[in-house]
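Student: Sequence:
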Amino acid sequence: MKCPSCRQDLTEKPAGGLKAFVCVEGCGGLWLGHFELLKLAGSFFGNGKSLLNVPRAEGVRFFRNVEAICPHCTTSLLFRHFFSKERGVEVCQCAKCGGFWLDCGELAGIQSQFDTEEEQKQAAASYFQTIFDEKIAKMDLMKLEMSESARSIVKIFLFICPEKYLPENTFLLQKKYFSDLNVSQKPGKNS
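By the count of numbering that gives the first Met the number 0, the sequence shown reaches residue 190 at its end, each step adding exactly one.
EDC-like cross-link-like pairs, simulated, lysine to aspartate or glutamate; straight-line CA separation at most 16 Å:
(1) K134 / E105
(2) K48 / E162
(3) K18 / E35
(4) K174 / D139
(5) K137 / E147
(6) K154 / D179
(7) K84 / E133
(8) K154 / D132
(9) K134 / E85
(10) K95 / E144
Pair by pair, the computed Cβ-Cβ distance ranges are:
(11) S75 / K120: 32 to 42 Å
(12) R6 / N168: 34 to 44 Å
(13) K142 / E57: 33 to 43 Å
(14) P54 / N168: 24 to 34 Å
(15) K95 / E117: 36 to 46 Å
(16) S146 / C96: 15 to 25 Å
(17) K95 / K18: 18 to 28 Å
(18) L76 / D114: 39 to 49 Å
(19) K175 / A94: 18 to 28 Å
(20) D139 / E57: 30 to 40 Å
(21) S75 / K38: 21 to 31 Å
These are calculated hints, taken from the structure and not from any lab test.
Bear in mind the structure is a predicted one, so any value in this text is a computation, not a measurement.
Ideal Cβ positions, reconstructed from N, Cα and C, are used throughout, including at glycine.
Working from the sequences, and respecting the hints, build out all of it.
Tutor: Below is the structure:
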């Protein structure tokens, strides 16, 4: 499979019982196919954090062109759900196969950019407030298809996020569509 951002070959990388494809030494983006997304259930929180540690090439930017081709189908264009220039994040989905392309941008660099764990947690909280409360919450969640896509996006972020950065206090996770994904209710976590 080819990276839809920089056209490099994607590398298979298992993580947390799933099989992702990542752009190593390129833009650092990742692809999760539809069947892998179906595995995101139960105690998936943080199990895919190794997907954040993908070596990126200096100066390679994530995809901005509106005509990104699905790496799986190779015939369909990816639909961009959202991107944030400020956070360096982009989320796209293939309407044909249901897979997701993600460049998690700033989240991948939080640990190396901030010295203390408290600074890292604050940066992660700000990141998730932008992604969840400003981007995903603005999707048309009343439409079933869009709501399902939004739930998949939230699951992906919770899957790749290291446990110490998991967003517990975002408006989005309190909404009825996402209340079952609330990480503060995660099994084994102290209340």
